[in-house]
Every structure is written in structure tokens, then in C-alpha cells.
Amino acid sequence: MGAGSELRLVRARDRDDLDALLRRVARGESEAFASLYDVMSASVYGVARRVVRDPSRAEDVTQEVFLDIWRKAPAFDPGRGSAKTWIMTIAHRRAVDAVRRTESAKKYDGAAIVADVSHDQTADAVIKDEEHTAVRGCLDALTELQLECVRLAYFNGYTYSEVATLLDKPLATIKTRIRDGLIRLRECLEGTR
Amino acid sequence: MSTDVHMLSGAYALDALDPAEAEQFTQHLETCPVCAHEVQELRRAAARLGAVQAVVPPPSLRANVLAAAVRTRQAPPMVTPLPAGSWTRQWPTAWPPPAVAR
Numbered sequence: 001m002g003a004g005s006e007l008r009l010v011r012a013r014d015r016d017d018l019d020a021l022l023r024r025v026a027r028g029e030s031e032a033f034a035s036l037y038d039v040m041s042a043s044v045y046g047v048a049r050r051v052v053r054d055p056s057r058a059e060d061v062t063q064e065v066f067l068d069i070w071r072k073a074p075a076f077d078p079g080r081g082s083a084k085t086w087i088m089t090i091a092h093r094r095a096v097d098a099v100r101r102t103e104s105a106k107k108y109d110g111a112a113i114v115a116d117v118s119h120d121q122t123a124d125a126v127i128k129d130e131e132h133t134a135v136r137g138c139l140d141a142l143t144e145l146q147l148e149c150v151r152l153a154y155f156n157g158y159t160y161s162e163v164a165t166l167l168d169k170p171l172a173t174i175k176t177r178i179r180d181g182l183i184r185l186r187e188c189l190e191g192t193r
Numbered sequence: 001m002s003t004d005v006h007m008l009s010g011a012y013a014l015d016a017l018d019p020a021e022a023e024q025f026t027q028h029l030e031t032c033p034v035c036a037h038e039v040q041e042l043r044r045a046a047a048r049l050g051a052v053q054a055v056v057p058p059p060s061l062r063a064n065v066l067a068a069a070v071r072t073r074q075a076p077p078m079v080t081p082l083p084a085g086s087w088t089r090q091w092p093t094a095w096p097p098p099a100v101a102r
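Protein chains in written order, with this note's numbering: chain A, 1 to 193; chain B, 1 to 102.
None of these hints come from the bench; they were simulated from the model. Check before you lean on any hint, since a few could be wrong.
Stated by the list, open to error - Listed next, the stretches of chain A that the computed footprint assigns to chain B, with coverage defined by at least 3 CB atoms under 8 Å from CB atoms of chain B: (1) 45-51; (2) 57-64.
As the list claims (entries may be wrong) - FRET-style restraints, in silico, Cβ to Cβ: (3) B:Glu23 / A:Arg80: 18 to 24 Å; (4) B:Pro81 / A:Arg136: 44 to 50 Å; (5) B:Thr31 / A:Asp60: 35 to 41 Å; (6) A:Gly191 / B:Met78: 32 to 38 Å; (7) A:Asp16 / B:Thr31: 28 to 34 Å; (8) B:His37 / A:Ser35: 29 to 35 Å; (9) B:Pro33 / A:Ser161: 26 to 32 Å; (10) A:Ala20 / B:Leu82: 41 to 47 Å; (11) A:Glu187 / B:Val5: 20 to 26 Å.
We put the beta carbon where it would ideally sit given N, CA and C, even for glycine.
Isolated chain A (complex conformation) (with noise of 0.2 Å):
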């Protein structure tokens, strides 16, 4: 096996294992913290590579990630989500604002936005396994449209108005889909846990 067999993805059975690192992390075990970095950190850095495409600054954003996961984990409340959950919801946040943090320096250079959409690259080394094959097949059940919201949304880390404007649809068209699309997408996926 290649680069992929040092892949860990984590799936829905792993969820309590995942969870009781977390709260290891929580009473300051720098050990657990390492196994948790192992377990997440592709999934944390590969997000932040689709969003903020540069290496370097996908590497900063992941360390600003698994920062606050160490800060903020003893605040973590599982009754809100799984820890793979609140991770993904940081590394995704962090991403995004990394990006926003750019374009607000560039206002007024709309065209870059723009210049950005049409070249979706493929991330170096995608997880192919039973996981990808089921969020791949679940991407398939969404409408052209919804999925192309979801995608400028969470990939490109677009506002829905950004979108909107980039699809040339009125902002409620935009934000009904993206929401009507994740509820779909969320509903395909839980039948394949």
C-alpha cells in the first residue's frame, strides 16, 4: 500500500473511542492528545487544503485547530455532538476565516473570487474506502443545484450570498438549498451507518 494506508478515517464505530480521548485530552494528557492528532489530523488538514488551497497556510490553520480542540476540550459537551463533530465544525470554522480574513484584504477584487470556482481540484490523496464511497454516493443523491451550494459553501468557504451571486440566483433560492441539501445529504448518510 502507498500513502493511503497511513490514512485513519474515523467511522461511526469509533465514535466512543474518539469521545473518550477527547475527554482524556480534557484532564490534560498530552499522550492522548498525540493519539487524537493521529486519528484526526488528516481529516482536519484535508478540509483545510480544499478551503484554503495553500499548503503552508493549510498547516497554520491546522495548527490553529488542534490548539483550540487542547484549549477548549474541557469544555467540550458530548451532548451536543461527537467529538468528531466539534472538531470538524473548528477545522472547517478556522478555514473559513483564514480565507475571509484574505478576501476582506482584497475587497474589491471580486474577479478573484470568480477566478476561483471553475478549477476544482481533487485533494492528493483522498480516502477511498467504504466512507468515501458513502458520503461519494450521497453527494449523487442531491440535485445539481443543491449540490453545487453545498460545495461553494463548504469547500470554497462562500457565503450563501456569495453563492448566490455566483450562480446568479435570488439569496432564497441559495439559502433553501443549501439547507434542503444537507438535510438530504444527512439523511442518505445516516442510512449507511
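Please build the complex by placing chain B on the supplied structure of chain A, with the hints as guidance.
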């Protein structure tokens, strides 16, 4: 706020609101358990979408992250305050408990 605000749950779950709207919606979540629950569920789906994009980071990053954590203080846990008067009410009426009659 109008009922239309509920429709923002998807965009909120994907971090696709501008800062002012995100702030407003965060406040809305405090009073709308239906939206809060929906956001949780949609974030779970988004997390799975994000997690399969995995790319192994450069090995040097691991040491940097672990070293930075050593230098970083952790936040205190969230403590749920006890409702007023609950301390006394939670004690058994007789303390210590009466011995079991033999």
C-alpha cells in the same frame, strides 16, 4: 425575527453566513431548540463530508502542534450552576441515613 430565520440553519452549519447574520442566528439558537437540534444534525453531515477529504499533513507539523500544546493553558470545564436551594433539597431528609432494621 420572521419565521424565515429558520431557513438559515443550513448556511449556518456550513459557516456560510456573514458575521452579523451568524451572530444573530447564534442568538436565535438560544431560544429555538428546533433550530439548535437541526444545526447539530446538519453539522454532523458536514463533518462527514469534510472528514473524507483527508490528506496526510507533513510529518513536521505533529511535533510543532504537540510542542505548542505544552505551552498552552487549557480552558476550565463548563460548570452547570446548581439551582438556588438545590443543595439542601438534595440531601436525604435524615442524614446519616437510618440504619436498616434487622
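Within 18 to 24 Å or not, the Cβ separation of Glu23 of chain B and Arg80 of chain A?
-> holds (19 Å)
Cβ separation of Pro33 of chain B and Ser161 of chain A, checked against the hinted range 26 to 32 Å = 27 Å Cβ-Cβ, so the 26 to 32 Å window holds.
Take the C-beta atom of Glu187 of chain A and the C-beta atom of Val5 of chain B, compute their distance, and say whether it sits inside 20 to 26 Å.
-> At 23 Å between Cβs, range holds.
Check whether three or more residues of the segment 57-64 of chain A sit with their beta carbon closer than 8 Å to a beta carbon of chain B.
-> holds (count 4)
Range agreement (Cβ of Asp60 of chain A with Cβ of Thr31 of chain B, hint 35 to 41 Å) = holds (36 Å)
28 to 34 Å as the expected CB spacing between Thr31 of chain B and Asp16 of chain A, which holds or is violated | holds (32 Å)
Pairwise beta carbon distance, Ala20 of chain A to Leu82 of chain B, judged against the given window 41 to 47 Å | violated (27 Å)
Is the gap between the beta carbons of Gly191 of chain A and Met78 of chain B within 32 to 38 Å?
-> holds (33 Å)
Are His37 of chain B and Ser35 of chain A spaced within 29 to 35 Å by their CB atoms?
-> holds (31 Å)
Pro81 of chain B versus Arg136 of chain A beta-carbon gap, inside 44 to 50 Å or not = holds (46 Å)
Establish whether the coverage given for the segment 45-51 of chain A by chain B is satisfied; the threshold is a Cβ-Cβ distance below 8 Å, and no fewer than three residues must meet it.
-> This one holds; 5 residues, not fewer than the three required, reach chain B with a Cβ under 8 Å.
Checked against the numbered hints given earlier, the structure breaks only hint 10 and satisfies all the rest.
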